[in-house]
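Undergrad: So you can see what is in the structure, the chains are spelled out below.
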Amino acid sequence: NAGVTQTPKFQVLKTGQSMTLQCAQDMNHEYMSWYRQDPGMGLRLIHYSVGAGITDQGEVPNGYNVSRSTTEDFPLRLLSAAPSQTSVYFCASSYLTGSTEAFFGQGTRLTVV
Amino acid sequence: KNQVEQSPQSLIILEGKNCTLQCNYTVSPFSNLRWYKQDTGRGPVSLTIMTFSENTKSNGRYTATLDADTKQSSLHITASQLSDSASYICVVTLAGNNRKLIWGLGTSLAVNP
Numbered sequence: 001n002a003g004v005t006q007t008p009k010f011q012v013l014k015t016g017q018s019m020t021l022q023c024a025q026d027m028n029h030e031y032m033s034w035y036r037q038d039p040g041m042g043l044r045l046i047h048y049s050v051g052a053g054i055t056d057q058g059e060v061p062n063g064y065n066v067s068r069s070t071t072e073d074f075p076l077r078l079l080s081a082a083p084s085q086t087s088v089y090f091c092a093s094s095y096l097t098g099s100t101e102a103f104f105g106q107g108t109r110l111t112v113v
Numbered sequence: 001k002n003q004v005e006q007s008p009q010s011l012i013i014l015e016g017k018n019c020t021l022q023c024n025y026t027v028s029p030f031s032n033l034r035w036y037k038q039d040t041g042r043g044p045v046s047l048t049i050m051t052f053s054e055n056t057k058s059n060g061r062y063t064a065t066l067d068a069d070t071k072q073s074s075l076h077i078t079a080s081q082l083s084d085s086a087s088y089i090c091v092v093t094l095a096g097n098n099r100k101l102i103w104g105l106g107t108s109l110a111v112n113p
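Respectively, the protein sequence lines represent chains A and B. Going by our numbering, 29 is the number at position 29 of the first sequence; the sequence numbering is gapless. Going by our numbering, 72 is the number at position 72 of the second sequence; the sequence numbering is gapless.
None of the hints are false.
Computed from the model, here is a short list of chain B residues facing chain A with C-beta under 10 Å:
1. V4
2. S31
3. N32
4. R34
5. Y36
6. G43
7. V45
8. S46
9. K100
10. L105
Computed beta-carbon distance windows for the label pairs:
11. A110/B <-> V88/A: 18 to 26 Å
12. S108/B <-> S67/A: 34 to 42 Å
13. V12/A <-> H76/B: 35 to 43 Å
14. P75/A <-> K1/B: 29 to 37 Å
15. Q57/A <-> L11/B: 34 to 42 Å
16. D69/B <-> S69/A: 41 to 49 Å
17. N62/A <-> S53/B: 38 to 46 Å
Just so you know, the hints here were simulated from the structure itself, not pulled from any lab data. Quick reminder that beta carbons are idealized off the backbone N, C-alpha and C, glycines included.
Based on the provided sequences and hints, a complete structural model is requested.
TA: Below, the structure is given as structure tokens:
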């Protein structure tokens, strides 16, 4: 019963590097999303997906790309890391209809130096 | 503007004491309101959901209330335990197909022995 699995848990990047944060869920949820959490700003939506092949932008999409080739996986790509992207990133999933409860991964703490 | 405001920002109580956290929202159209608990270094976990027609709902030592007229919700914690130390986040879901969530900044609760 894994739920939502995020990897890695910690990552340090140099400015300009690219990387992919992985997210996988085993609950057959249609809706998946990526958030960043910064002190004093709460959770902010980066990108979301309502099903395989469908993605859309959230509040703070700049500098990030996503794709959804399967129901289970929703990776987040940082194209050219900047210090402003230092944050804790959470992936979440939920059903598209009915219950709106979001299930979160354990988070990825990213530092860009 | 859709907003969720929580108070207090932080709270320190002694183990065994009760406390009440507040959430005021200006969100329309309203679908439901959830309280999440976020332990340090972990993703948020749903505690309870309140819909428009519900006034009170309990989950163990947690009791949530909702006043849809005044657009206020509270989370009451009874007989606090050290494990209740966490951030408590209020989230309102907008009605509609995009399932947009409006997140509060959370209340940081510390329960001391």
